[in-house]
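A.B. asks: Chains as they are written, first to last, in the working numbering: chain S, 388 to 1067; chain G, 17 to 119; chain W, 44 to 207.
In case anyone wonders, no lab produced these hints; they're calculated from the structure.
Treat the hints with care, since some could be wrong.
What the hints assert, rightly or not - List time: in silico SDA-like cross-link candidates among lysine to any residue, alpha-carbon distance up to 20 Å:
1) W:K136 to S:A1048
2) W:K136 to S:A1051
3) S:K878 to S:G892
4) W:K136 to G:F80
5) W:K136 to S:F1052
6) W:K136 to S:G892
7) W:K136 to S:Y1047
Keep in mind it's a predicted model, so treat the numbers as computed, not measured.
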Amino acid sequence: MQSALDIAPLIILLPFLAFVALLTAGRWPKPWWHRSHWVAITAIVLALAGAVYVAVAVAGAAPGAAVAERSYPWAPLGGRMLTMGLRLDGLAAVMLLVVTIVATGVQIYSVGYMHGDPRYSRFFAYLSLFSSAMLGLVLANNLLQLYIFWELVGLSSYLLIGFWFEKPEAMRAAKKAFVVTRLGDLGFFLGLLLLYRLAHSLEFEAIFIHLRAIEHAAPAALTAVALLLFCGAIGKSAQFPLHVWLPDAMEGPTPVSALIHAATMVAAGVYLVGRMYPLFAAATEPWAPALFGVTLFRATPLQFVAAIGAITALLGATIGVLQNDIKRVLAYSTISQLGYMMIGLGVGGVFVGLFHLVTHAFFKALLFLGSGSVIHGTGTQDMMQMGGLRKKMPLTFWTFLIGTAALAGVPWLFSGFWSKEEILLGAYHASSWVFAAGVAGAFLTAFYMTRLVGLTFYGEPRDPHIHAHESPLNMTAPLMVLALLSLGWWKWAMPWLHHFIDPAGHELHPVPWVGFLGIGVALAGIVVGALVYIRPVWDPRRALIAAPVLGERLVPGTGGRLGQVPGLYTLVKNKYYFDELYWATIVKALFALSRRAFVFDQKVVDAVVNGAAWATVRLAEVQKLVDIHVVDGAVNGVGELTRQVGGGFRRLQTGLVQNYALFAFVGLAVVAGLYLYLGF
Amino acid sequence: MEIPLSWYLILAAILFAVGVYGALARRNAIAILMSIELMLNAVNINLVAFARYVTPRELTGQIFAIFIMMLAAAEAAVGLGLVLTVYRNLRHIQVDEINLLRS
Amino acid sequence: MSAHQLAFLVLGVLILVSALMVVTVRNLVHAALFLILCFAGVAGLYVLLQAEFLAVAQVLIYIGAITVLILFGIMLTRKITGGAQPPLASHWKAAGAGAGAFLLLLLYVAMTGQWQVSDQPPMDSTTTLGLALVTRYVLPFELASVVLLAALVGAVLLARDETR
């Protein structure tokens, strides 16, 4: 294990060095520049080798010695020392393997996909930065370090979503993703601070040792910590109600969607909950928010996790049914599957959630890369313009089909089946309505995936202008490898993985009819989907443009009455109006406040320009107003304050450097004077 | 110890304030550079005086002063390079007429 | 009043007067010459403080290198005489107020601070300083050389006339 600890920092460092090296690629001679991907791929392959080494070392360690840690002192803080360190255990080793395998596949794929892009080397630089940050997140042995890398993956996600920043949608999507996830991260950070106060340490090991004492002394606070940490997971893993950023993130290049927004980064929230699982399990005090004296619900943090997961699973699956953009269907599918992982964590334990994370990482990366291959071949993302690609892109088709089968839960032969059965089993034992949501979601999943395959690969080509062609080998090779990893041999890996990830956990008690129900709904979803989109049992011409028609023509003979259930179709088609809701409430209110703030800015400005004494008086007024504003808009306080201060200072920007220096000195004098006056 | 420590401190304070005034009020960029050198000198006086009076058995203060001198040299070189660049582009170096920062 | 105190007062007046001239005179060359005078005064202070090495370094670096550099800068950038333009910017009153406020603050600290003055004799500075620089402080010392190199490269790059 010691040698593994020596290797582990390199796993983080190598991709980071590749990132630094590739930043300079713009200055390389042209022939080298086109081969800049070699730097990134070499680094990630070496990281993969390191991950394998670590996994072997962890697997081969004696029982009870399967956790290895190493910390370095970093910053003294009030008599204690913050540390930076590495933690190697089964969970970290599995995540390392998943991240490095998918990242390697995606980088090789990107060589073909991004060929000829003007910022080719920059793309690989960002991918390397992301890989480095994600691996650092996985290897962290304390919450603060995890948080730092957490934000770093957020940053690289922002950079990569906005990679084609010439497109205004990509710019907006990148900003939206960053801001929305920040909302969750705020909760994460508060939870981190509160936890530090309770446990006096942020190292996982130290926290877990103190859990019992904390639970005894402050049960409510522990629950608050768990819920706040879960806020971070809600943001990062695109759970309801912060799921709105993930579909928009599809504006980024498709390999990015596969790596970051399907397989790894969005799974970081699941990983966080899994990592802090002992804390979640220890927090048994239920949270019971009340409105006007009426208790809305009572839920322990784990129940809360499962409930959010169930809502998200159903929400994502229903919206996915009515999307026409191939990547957006997959995005909503990802949201839904992340919901499943949360259910698994909430009802079944670390292994159940993480097992689905692992299988999902491979088959969803496969599906995204496959959709990228389709987009590459056809030049469009709109499924309504595709059709009949089965013959033209055979490799893509077959690998995509394997991914679909895995996601839909086709029994025995495919990976997704095994992990989904575990989740349903756990839900069955825990809560009837979570179980019902899980089953309904499973049906919808099978249905929308069949719809996706039917619209894309079957039927006749619907747009005569599109001349599809199979993608080059460096794109299809990763597809085949990932397809191999989406097959059902995970069944045999399961007991071993279980021991590896969660040595203390126990097996779920199997219930035969739950298994059959799962198989039944999956097959039913596929059959219904096939009847509508692949072998239409009624007018095929209508079926081909079936998506908008779906509600109307689902059951032949009902004459389209089904779709005229008032509002339902429109509601789902518009994604339950979440974006509009957030726009009308939060975003608009923020803008209104900023506008008020702007008017108010101009008072500040005049004040500063005229004389010192006068400015002091004004400053006092400003302080008062700022206070009022902050108190008024406590909810929007942070954003508003920033805007006010920024706007006020903007007017001070005369552009004359001496004015700046003068302000700096006056400010320094004021601060130093205060310091003396207060007698520190 | 015939000279009280506070004499040095007062001298350094006044010198520093003169430097501040020059840096804030002079129009010529080179004059500002000179004022900055004055401020650095004031700091050095403080450091050496403290080293002599408070910790006479250690050399930390003097070492610091040496590094400040080194940085002052680097700063003067780079500062003058900047001034020359500005001069080449604008044909003057009156800082109160340069407001490129305000775009 | 002892000889030391007298020497301090003379040096102090020299330093302050020449510093004031540096920040007020119109002719920049004169300002640079006053700057030399001021630096020399500070070197004298170092001698009084028994920091002989620093005194020599002050003469070599500040007077020998920096001031000469500044003189070059003056000659390369403008007509030597100040011309008709005023030397001070229009906001010089505000600057004076700021500097004055700062001075008051500093003076307050300097006069009220309780410094623990040690009465031990000082060390033989030059020898120990030299040793310390290449033993205990060798890393900062080497870093300093990197900084100087970077400044050198930066200055060359900045001052290079790219049109030629």
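A.B. asks: All hints are to be evaluated individually against the structure, with a verdict given for each.
C.D. replies: Comparing the hints with the structure gives:
{"no.": "1", "hint": "W:K136 to S:A1048", "in the structure": "holds (14 Å)"}
{"no.": "2", "hint": "W:K136 to S:A1051", "in the structure": "holds (16 Å)"}
{"no.": "3", "hint": "S:K878 to S:G892", "in the structure": "holds (18 Å)"}
{"no.": "4", "hint": "W:K136 to G:F80", "in the structure": "violated (34 Å)"}
{"no.": "5", "hint": "W:K136 to S:F1052", "in the structure": "holds (14 Å)"}
{"no.": "6", "hint": "W:K136 to S:G892", "in the structure": "violated (75 Å)"}
{"no.": "7", "hint": "W:K136 to S:Y1047", "in the structure": "holds (15 Å)"}
In this structure, the earlier hints numbered 4 and 6 are contradicted, and the remaining ones agree with it.
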